[in-house]
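Enquirer: Keeping the supplied structure of chain H fixed, place chain E upon it in accordance with the hints.
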Amino acid sequence: MFLRIVYQSFRHQARRKLLAGIAIALGVAVATAMIAVATDIGDKINRELRSYGANLVVTPQEDTLDVEVGGINLKPPSDGTFLNEADLPKIRGTFWHHNIVGFSPMLPVTVKVGSGSGAKDVTLVGTYFNKALSFSKDDFTTGVRITHPWWRVSCGDGKESPNCGWPDDNSQNILVGERLATKLSKRPSDTLEVSGRQTTISGILSTGAAEDDQIVAPLALAQQILGKPGAVRRVYVSALTKPPDALSVRDPKTMTPEVYDRWYCSPYVESIALQLEEVIPHSHAEQIRQVAQNEGTVLSRIKGLMLLITLAALFASALAVSAAMATAIYERRVEVGLMKALGASSFAVSAIFFAEALLLAIVGGIAGFSAGALLAGQIGRSIFNSQISIEPVLFPIILAIAVFVTFAGSAAAVRRAVKFDPVFALRGEE
Amino acid sequence: MTTSTTPGTVLTPKQVADRRARAPHISMFTRMILRAAVLRRGRAASALLAMIVAAAVATTMMNLYVDVQAKLRTEFRNYGANVVIVAKDGQSLPADALAKVESILGAKTLAVPFSYAVARTKDGQSVVVVGTDFTRARQLNHWWKVSHWPDAQNEALIGMRAATVVSPNRQPFELTFQGKAIQLAPAGMLQTGAGEDSRIYLNQSEFQNWTGVAPSTIEVAANGTAAEIETSIRQLAQLLPSTDIRPVRQIMEAEANVLNKTRATLYASATLVVLTSALCVLATLMGWVFDRRRDFAIMKALGASERLLNGFFAAEAAALGVVGAIVGFFIGIGVAIWIGRVNFHAPVVPRFSVFPYVLAGSVAVALISAILPIELLRRVQPAIILRGE
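These protein sequences, in sequence, are chains H and E.
Each residue of the first sequence is one higher than the last, beginning at 1 in the working numbering.
Each residue of the second sequence is one higher than the last, beginning at 1 in the working numbering.
Next comes chain H alone, as it looks inside the complex (with noise of 0.2 Å):
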């Protein structure tokens, strides 16, 4: 009998439960979308604040100062000691090398440019562009392109053709500062004389900073011209980290053998940091504090941000549940005067509408899942051009939530509907 109210209520008002079914799925559709986006948006933002370049640079153990004002190098090139080249690869092979998005050698150089009397001056810096490497069978490419994306190549005056751009790391071809350019007055495809070989200007750099007076190049061509075939000076990393806590800023010599493991597989700027030198020979790799300090703070502000919309979706959701479901019951005053009238209990009466209640929930439920699940991937491609994904976990946690709402939010109106005398409900009086 129980099973058979129930079931041709929901064919005989077919329209009715339509309607709540859909407030239920659309509650439940927001909520799915807002907590996949709140849950993901720290790491999207994370990969964001990457554009912010590198946040960990690595040099020489036994390193000299650098005596450089406004991008101009004071020093003699050959002093101190330098990386090798050989030696980068390995980056590939540290515990969190998923988290490391780039890095980008530097090897600077003092040349003259031009030739005689006219010759000057000039810092030239060689790195990657986009260079293609391999650790262990894994491909991969990397350079500045990647750890340093405020970089612009043109062709002078802001201009982009598709007869300049970014110079190939196995070639001789160069990128001008665009102050140096002007200077020189070079454009692109112009030969240019760099301490006696012929070079040609592939492009005009802009980076707002120093290198708009330096000349770029692949590394290769700096090392030839310095004489030292596999020489880095530092290296760039560009890695996915945690924000600082009170472990992080611990000194890993003080602590436990257990703390210390907690403290080396989280992907902590400093335990980044460490595992870099220990691939690196002697090496000291330190973090970019305005980068590395920075970005916890403004992934915290985003997340919780974020947070506290979810919780407003959230409550707006249930309301809009509850509200639904309320209506829904009201309407049915008459049948529960009915129902009461013949003899049915307060509890079978209730159980009738939370039984109702449930499979609305469990129906809406999946199906916004669903379309939560579509929005959420929406939003992540046309805000992040990424994927959001959902958690399979939860799903029976969305599950459970619609179907607590949806009781709480039936809960007042089925306590009012079977405490309403038969008499007036059958009579049709409020």
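If you're looking for bench data, these hints aren't it; they were derived computationally from the structure.
Mixed in with the good hints there might be a few duds.
Some, not all, of what chain H presents toward chain E, calculated at C-beta under 7 Å [unchecked claim]:
(1) A23
(2) D66
(3) E286
(4) I379
Straight-line alpha carbon distances no greater than 27 Å define the calculated DSSO-like cross-link-like pairs of lysine-lysine that follow [to be verified]:
(5) K88(E) <-> K112(H)
(6) K44(H) <-> K71(E)
(7) K145(E) <-> K253(H)
(8) K145(E) <-> K303(H)
(9) K186(H) <-> K88(E)
(10) K71(E) <-> K303(H)
(11) K120(H) <-> K183(H)
(12) K242(H) <-> K145(E)
(13) K120(H) <-> K88(E)
(14) K183(H) <-> K88(E)
(15) K242(H) <-> K71(E)
None of the values given here were measured: they were computed from a predicted structure.
Here a beta-carbon is modelled for each residue, glycine too, at the ideal position from N, C-alpha and C.
Expert: Here is chain E on its own, set in the frame of chain H:
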């Protein structure tokens, strides 16, 4: 309207008519609306509640959407300078440059002068010495890890790597610049992971007494949107023609990027939340109006014109929308302020300019949800409704 005479006194019909004529005149229309609200307060209250919540959520979202961007911009200023003013060709900046920069950008903007010189240590090593204003530099560069800021005469702030060369045991040291020597004591260590680690920082006045070199660079943390900063840069370029003024692209572009993504996410979620609550109001109100089809049928059976009926339900809905919008607006402002305090540790400034939009939206949703069921009911014979079919 009931008569308010004391019980026991009998009034003649004329007296009653008199009283009624003198009593404040409440039109039938107003009376019907008021009675409907009082008698069915349960249903009216739930409709009003839905309205209030929707208006509050919409207000919160709009307030946050406008204010959060400004709040995030201040957070991004922790990344330091976004504009750099450099004297052309290695010269010094004019003496009044800092004052001019501050006059254009306002006192709130941080502008920090830097001057550079290459000095020699006793054993002949070159090291870069920088003169600056420590109070300002400290405010601009939050990420500098400094063990102790200099506060006495002849104290210097020493970069981690410079320290290994000039003062490995934190002992006082001597530097010479163009034959002039200076005795300095290390106050604290500076660690940044960048070029600053190889330099020695001195107070600007001491630096200038020693070297005679005036500031050649001013680093500026300019507040505002990209367009506002662009305007400031153009104004500065006119005022300081002998300088190069460059935006720090690394900082500006990354900030714009993160801010745009955050704004888009915020926009998408705000739209979703406002839409959900609007639909919730629509559903509740439609149910409420539909429930009153008996009232509708009786009025129609008694000869009410269609205009009156529409007007009646529309006025009721509009009243609900207005009350809901006003109450919801203030609750929403409260929630926005709370979120600002919890998340950004700074209050969100209430934006009253949002109110007209919230009001218009609430009334529109209320009207739609009143008119739709009326349109449906209009086609039905009153008799059928009254029979309860």
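Enquirer: Next, verify each hint and record whether it holds.
Expert: To see whether the hints hold, each was checked on the structure:
1. Contact between A23(H) and chain E, as hinted, is supported at the beta carbon level, the nearest pair being about 6 Å apart and thus within 7 Å.
2. A cut of 7 Å between beta carbons decides the hint on D66(H): the least distance to chain E is about 4 Å, and the hint holds.
3. With a cut of 7 Å, the hint placing E286(H) at the interface with chain E holds, because the nearest CB-to-CB distance is about 4 Å.
4. A distance limit of 7 Å between C-beta atoms decides the matter here; for I379(H) the minimum to chain E is near 5 Å, and the interface restraint holds.
5. This hinted pair checks out: K88(E) and K112(H) have alpha carbons roughly 22 Å apart, not beyond 27 Å.
6. Restraint check for K44(H) and K71(E): satisfied, since their Cα atoms lie roughly 20 Å apart, inside the 27 Å limit.
7. For the hint pairing K145(E) with K253(H), the CA-to-CA distance comes to about 20 Å; that is within 27 Å, so the pair holds.
8. With a C-alpha separation of about 26 Å, the suggested pair K145(E) and K303(H) falls inside the 27 Å cut-off, and the hint holds.
9. For the given pair, K186(H) sits about 20 Å from K88(E) by alpha-carbon distance, which is consistent with the 27 Å threshold.
10. For the hint linking K71(E) to K303(H), the alpha-carbon distance of about 14 Å falls within 27 Å, and the restraint holds.
11. A distance of roughly 11 Å separates the Cα atoms of K120(H) and K183(H); the hinted pair therefore holds under the 27 Å criterion.
12. With a CA separation close to 19 Å, the supplied pair K242(H) and K145(E) stays within the 27 Å bound.
13. For the hint linking K120(H) to K88(E), the alpha-carbon distance of about 18 Å falls within 27 Å, and the restraint holds.
14. In summary, the hint linking K183(H) to K88(E) is supported, as the alpha carbons are separated by about 13 Å, within the 27 Å threshold.
15. Between K242(H) and K71(E) the CA atoms are separated by roughly 23 Å; this keeps the pair inside 27 Å, and the hint holds.
Hint compliance for this structure: no hint is broken.
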